[in-house]
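There are 2 protein chains.
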Amino acid sequence: MNKDIPYKIYLEETEVPKQWYNVRADMVNKPAPLINPGTLKPMTAEELSGVFCDELIAQELNTTDAYIPIPDEIQKFYKMYRPSPLVRAYCLEEKLGTPAKIYYKFEGNNTSGSHKLNSAIAQAYYAKKQGLKGVTTETGAGQWGTALSMACAYFGLDCLVYMVKVSYEQKPFRREVMRTYGATVTPSPSNTTEIGRKILERHPGTTGSLGCAISEAVEAELTRDGYKYVLGSVLNQVLLHQTIIGLETKTALEKYDIVPDIIIGCAGGGSNLGGLVSPFVGEKIKGNADYRIIAVEPASCPSFTRGKYAYDFCDTGKVCPLAKMYTLGSNFIPSPNHAGGLRYHGMSPVLSQLYHDGLIEATSVGQKEVFDAAVQFARVEGILPAPESSHAIRVAIDEALRCKETGEEKTIVFGLTGTGYFDMVAYGKYNDGEMEDYIPTDEELEKSFAELPQVNL
Amino acid sequence: MNKDIPYKIYLEETEVPKQWYNVRADMVNKPAPLINPGTLKPMTAEELSGVFCDELIAQELNTTDAYIPIPDEIQKFYKMYRPSPLVRAYCLEEKLGTPAKIYYKFEGNNTSGSHKLNSAIAQAYYAKKQGLKGVTTETGAGQWGTALSMACAYFGLDCLVYMVKVSYEQKPFRREVMRTYGATVTPSPSNTTEIGRKILERHPGTTGSLGCAISEAVEAELTRDGYKYVLGSVLNQVLLHQTIIGLETKTALEKYDIVPDIIIGCAGGGSNLGGLVSPFVGEKIKGNADYRIIAVEPASCPSFTRGKYAYDFCDTGKVCPLAKMYTLGSNFIPSPNHAGGLRYHGMSPVLSQLYHDGLIEATSVGQKEVFDAAVQFARVEGILPAPESSHAIRVAIDEALRCKETGEEKTIVFGLTGTGYFDMVAYGKYNDGEMEDYIPTDEELEKSFAELPQVNL
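Protein sequences, first through last, are from chains A and B.
Letter by letter, the first sequence follows residues 1439 to 1895 of my numbering.
Letter by letter, the second sequence follows residues 1439 to 1895 of my numbering.
Mixed in with the good hints, there may be bad ones.
Copies of the same chain are indistinguishable here, so a pair counts whether it falls within one copy or spans any two.
Stated by the list, open to error - Within a straight-line C-alpha distance of at most 30 Å, the following computed DSSO-like cross-link-like pairs (lysine-lysine) qualify:
no. : residue 1 : residue 2
1   : Lys1842   : Lys1693
2   : Lys1468   : Lys1756
3   : Lys1514   : Lys1842
4   : Lys1533   : Lys1724
5   : Lys1567   : Lys1446
6   : Lys1517   : Lys1848
7   : Lys1636   : Lys1867
FYI, nobody ran anything at the bench for these hints, they're computed from the structure.
In isolation and in its complexed conformation, chain A is listed as follows:
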């Protein structure tokens, strides 16, 4: 029998993980390496050092060490807002009338409003340790940019942020938060970089995408001394830092003898999903457990469910290395869906391999049904969720309703990655009945796939 389970499970400081978990060490089929588009050979640490910090490159390339210690300084910062609570959604269950047990790991109780701070502080720490002046980055919904601004303010680093234009316009106050933390924020595509000017020429009036913003941030780094580029998702290093989410979740569940049946996370570049599910995937690989693990993506940007598993550029400007991943093509610019953090053409190579191997599954959902779920959740659980996170809520509710039909008492765990306080333009559209969805046609995708780089390894 379960012990008496509180509404919110907070780990004690002594129970908090002191290491990140590197799922690649346990994967039978390792994710394909990043390759140099010129030589078509795997990127070496030396080649990567033009863009990234040394210790982060070591983490990026490490496929052998299952556990990597979290430096003390980062653990100290984590204490400011971690451990995050694992919450039993009693009120949502009651509202749905489901026999399912629903838990969510809530990462929104910090000013970045999301899980992004977990990796931002790590990346800022390594940049500072290497003696850098500052970092450049891109941001979609603005959560990563806010998180990085906070981390840079803490370590006294300069922070240059390229923000996807649609989010810059939909979330004007995000910019002020970043400025308050001392960052410089530029809407992307912009005229401040060569690649930005090219993209604007090719797609006049574009509302931008993560792919564009990455290209600009990388160019900004390459043209400045003492700066490196940092990224909030997709990369192995980012998933590694985010495993603090999954490790805390797993420890909390085990503390109360709770065994999940289904684990659900939203998926854009994959940082939240990878962080949440990696420790559980590890158990699955070792044959210790079996869970359904579901990635939820927007129907407007369906890289898992409608993409190709192929080598592609990580950015629109094709200045980054090639990664093997589920992709819609680096030229694909998704519609201005309100979940800015999920508007990325590709998917983490680690998650792509896990999906390819059948260790995780994926589904896509429309924007309106996502906001239906968001509002339903907000009214009973008292947290106004981010549109990105609400993708996971949608599927968690659907699974719980399925349990209601079958009478099964499944245990569902989902990642509630953040809050929607800066997404009120989107909620306003929903409240006014003006929420639209744009789903790419097969023809559009085929056109985008035709431009994938031809890589025969």
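Given the coordinates of chain A, assemble chain B onto it according to the supplied hints.
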């Protein structure tokens, strides 16, 4: 010696208070009663029942029971976001280089963004229990309105909110949050009420005040069947509900043998301050302890530090009863300071009596120095504070810097009532160096005092 104190002290569910604390029961000099402006006699329960719910009236008038049980349904809701953490501000202390130990009780980890939810859920519960259709209210910064919207959504009550116009304009997204929770929001003063029309005539172009909005909300209640009026501050019942803050704080401090020297809270109508300090004032009254308790108010609306202790109307429209309190006069309309939640002409009668009796002290601070403190705090503690809360941060920092000069290792506890995510217009002004302050002249105050009602009891 102290036990090993975590960064954040979270009480166990079993340690969470099950009763509110009614400091009036222990006060030697009771706060003066509300009086009927017509008869000049204390308001009876019957007279109050035109405006308020029955059980809330009982709490309003109860000066004898020191503890009042928290109904199970409210305890259940509290579990969604309580207990709130008591945080040791290690990073702020380090940054300041002070020997002082700084703790803050953080009430911002819920979607209302503040402590207001503690009373909103209680008032909605009693309204529902009485079989009402809905409630009307006013909101300043929008935190109370958001909290009430959330509480009403939870219990299925209709919610009509009059929002002070300056906040309505400075915080457009607050309105969307309230709408998302199903509330109807009207900027005040408005043309939807008789009193609103009168105020607009007398003060064309006014940006409103809590006093105006209260009058409108009361009128809206009186002209609708099945509705009662609820209020987010000032009243005894509200302070009572908010004592959950102080009780949790006291329990957490005692758990780790921490004895505070100074307790600091911002003060507008007094709900946060009263909630935080009541249990400590109780100990002071009983002679069990001695702390400095400091109320911090904006220099633009200094009811404690420059007001008169007199009977006055709670609202600008003079439709409410008279309360004896420190007041700037019910006709005083404060400048559009960004701390909308502190723009009230009066102060809780309980706190007014305690201040009059020397049990608490008060100070006022300017807006620019408040934002200086807010940004300094945000950068090291990782939480972007509300402008209201930042008044307490300002004085906490000042006291800690005083300790740095004297070498004293004082323990400072302050209330961090909420987050500033909806205050980015204000932060933007600060970031742009455009923050202004308006301090009323003596002449202006004298003019306002001259209009105080002449009450000889």
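### Copy assignment of Lys1517 with Lys1848, given that the CA separation must stay at most 30 Å
Close across copies (23 Å), not inside one copy (32 Å); limit 30 Å.
### Query
Should Lys1468 paired with Lys1756 be assigned to within, between, both, or neither, using CA atoms and 30 Å as the limit?
Only inside one copy: Lys1468 and Lys1756 sit 24 Å apart there, 74 Å across copies, limit 30 Å.
### Task
If the cutoff is 30 Å on CA atoms, where do Lys1636 and Lys1867 land: within, between, both or neither? Let me know, please.
Intra 32 Å, inter 34 Å, cutoff 30 Å: neither.
### Task
Up to 30 Å between alpha-carbons, please classify Lys1842 paired with Lys1693: within, between, both or neither.
within (27 Å within a copy, 43 Å between copies)
### Query
When no copy is specified for Lys1514 and Lys1842, does a C-alpha distance of 30 Å or less occur within a copy, between copies, both, or neither?
Only across copies: Lys1514 and Lys1842 sit 24 Å apart there, 43 Å inside one copy, limit 30 Å.
### Query
Given a CA cutoff of 30 Å, do Lys1567 and Lys1446 count as a within-copy pair, a between-copy pair, both, or neither?
Between copies only: 27 Å across, 36 Å inside.
#### Entry: Status of Lys1724 relative to Lys1533 across identical chains (alpha carbons, at most 30 Å)
neither (37 Å within a copy, 46 Å between copies)
When the structure is compared with the earlier hints, violations turn up for hints 4 and 7 and for no others.
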